[in-house]
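In order, the protein sequences belong to chains A and B. Those letters in the first sequence? Residues 1 to 358, per the numbering used here, in order. Those letters in the second sequence? Residues 1 to 426, per the numbering used here, in order.
Be aware that a few hints might be false.
Below are the DSS-like pairs computed for lysine-lysine, each with C-alpha atoms no more than 30 Å apart in a straight line [said to hold, decoys possible]: (1) B:K205 <-> A:K227; (2) A:K71 <-> B:K205; (3) A:K68 <-> B:K205.
Hints are computed from structural coordinates only; laboratory data are not their basis. Computed from a predicted model, the values in this text were never measured in an experiment.
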Amino acid sequence: MNEMTTKSAVKTPEAGEATGNVKHMNMIEAINSALDNMLDRDDDVILLGEDIGYFGGVFRCTAGLQEKYGKTRVFDTPISECGIIGVAVGMGAYGLRPVPEIQFADYIYPGLDQLISEAARLRYRSAAEFIAPMTVRSPFGGGIFGGQTHSQSPESIFTHVSGLKTVIPSTPYDAKGLLISCIEDNDPVIFFEPKRIYNGPFDGYYDKPAKSWKGFDEAQVPEDYYKIPLGKARMVTEGDAMTILAYGTMVHVVESVTRAKGIDAEILDLRTLVPLDIEAIEASVEKTGRCMIVHEATRTSGFGAELSAMVQERCFYHLEAPIERVTGFDTPYPHSLEWAYFPGPVRIGEAIDKLLSE
Amino acid sequence: MDETGSNRPKLALHVPEPRYRPGDTVDFSDLRISKPGEQPRPDEAAEASETFPLCNDLIRVLGDDNQAHGPWDPRLDAETLRSMLREMALVRAFDNRMYRAQRQGKTSFYMKCTGEEATSVCATHALAGDDMIFPSYRQQGCLIARGYELTEMINQIYSNKADKLKGRQLPIMYCSKRLSFFSISGNLATQLPQATGFAMASASKGDSRIAATWVGEGSTAEGDFHSALTFAAVYNAPVIFNVINNQWAISSFSGFAGAERATFAARAIGYGMAGLRVDGNDPLAVFAAERWAADRARANAGPTLIEHFTYRAEGHSTSDDPSAYRSAEERGEWPLGDPVMRLKNHLIALGEWTEDQQEAMDKELDEMVRKAMKEAEKNGILGHGLHHPFHTMFEDVFEELPWHLEEQADQAIRERQIKFPEDPAE
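Throw the hints in and build the complete structure from the sequences for me.
Structure (structure tokens):
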């Protein structure tokens, strides 16, 4: 490890607290394992959501947990996101640590008032007499032919809200360690699971056969409890040519594009958007002098705009070229043309060429 | 036939209109007011359907003769009746003083609950002291019934340096975990699913605490109301929903929440939940209904929706002028009277109270409020410098201050030092 990585961004797989068996897990299994560990360790942890009980969730993230922990700790809910998040606020006021699942991030909007005006503000408005220690899990992102209502990436709605933390993993190992940190956190956290990479890392070449997580180090996951701290980015690759800031599915896409193009890029997987690992970002941009930001969400007022502003404010005199932003287009996520929307290898490759040509 | 050649009848949009506007003569004689004592009282553990007739009735106990009647008479001892009377009168004295304080510029905002005191004070008396209250914004009576210190309330209203909410909340948005009184939100009806969640949590832990929540009839139109009742019915949650039907939501009469079609209590029927419709200006009926629902919840017999039929005697808030949209006669013509007067007259009829005692008590309470105001004013009034330090503005956004809020706190404190260089405090 070089000096910078020890100071700030951490490499993966890292030395966690976990001991015992390490197993191959895809991201779904890793999330299930995190929930299993937390239900076992803390009687106040409770899971609720549509189809998560007997059936184990439409993506199977809660499979087997109701059978193991009982119906009063893992249960199905009415189809009401407002209700799911609202009752979770009340459960938190009682002293529980609820982990509601919103079946798709696209469905979270009916619950926004309870999230934004209630969960996120409760500690502040009660001067910490009441808190909302909930983790809202929700699959997000496209690339599964989900159409516009099963594909969105609404993270910037939540990063804009004071009092919410937003966490997005990109590997099974991180998904488990981050999720455990989220559940133990005493503030409300939005935990977005990039569903395109639930079963395998996606390199952006949709016309090639899908890969599974088999054989990837990042899918070697301890069965026991371990945590990855919130607010810490992960160094995916070290490099000198440019810094690429990404999270979720896009981490894998940019990695494959830079590898294919032979670019010596330094890729940071942000993992937590709020609070952000600004030290890691600054250190990397100051080293490389070039910065590209990649996300799948729509462009205008996306989280990339915030990242771009911060890099400009803090690293301006180290920049050798304008910051590049690669994002989804400002359209709904179309069904048949989803790969035209998706910021894939062509869009990323073009931005890399532009960033290096300046 | 119209121009398109269709002979279908023309559709017409119905937009509700209240019966009386400013200047109109008010006649409430056609309101269906049931006779006190005539409403049946089902067993607390009865099937919800046994309560359904009561959703279209009006549970009343106190008659025009100032006596208690019928099976809903809670048979309270005189001491309890006197403390309910005292607390309702205290709420009224407090409201009057605080309203004037706002007019004097000591704070930005105030909301009275005049005429609705029974729906919070007497309902709270029917609960256990540690049952969790999820209030709306007009439930100061719940706090006063639980003995909250007036000075604490006024500190909050003044957002001063002793405000334990650190000046962050709009006046009257109290919070007291010690008194099991949840933090008030300005967003309407959000407390309803939260109360259900609290009740579900309590039930899942095998605890004995129940939850009770309050909402105005206007806010029952929010989706949260539907979500909360659905969850409560689905999980048989030990929660009481108090709908305070005070006829007006700012300038919108109850018709805009659906009152032209059904009572608010009747919402319970669709959920298969127990429902009661009660004279909200009858302190004994309010107590009895709330106690019935609390006993039912505690016996795992499920949630109850109670409509408290009452009248908002004053404006919505200090920012409202009701003379601009409703007849000034309504308050005087309201057929259910005033809850404070009704309980007072009942106690007098019982030989347990006198007009002189009432007068002396009113004086004493006003003096008590005045003293509390003076005490609170030592800690400052809104906008006069005695606020919390700037850094507290950034605390409690999260449990720990992240770097970006530390940076912004430094900025806020620097701005203050630039504006007030002579004052190094902060």
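Taking the hints in turn, this is what the structure says about them:
no., hint, in the structure
1, B:K205 <-> A:K227, "holds, 27 Å"
2, A:K71 <-> B:K205, "holds, 12 Å"
3, A:K68 <-> B:K205, "holds, 17 Å"
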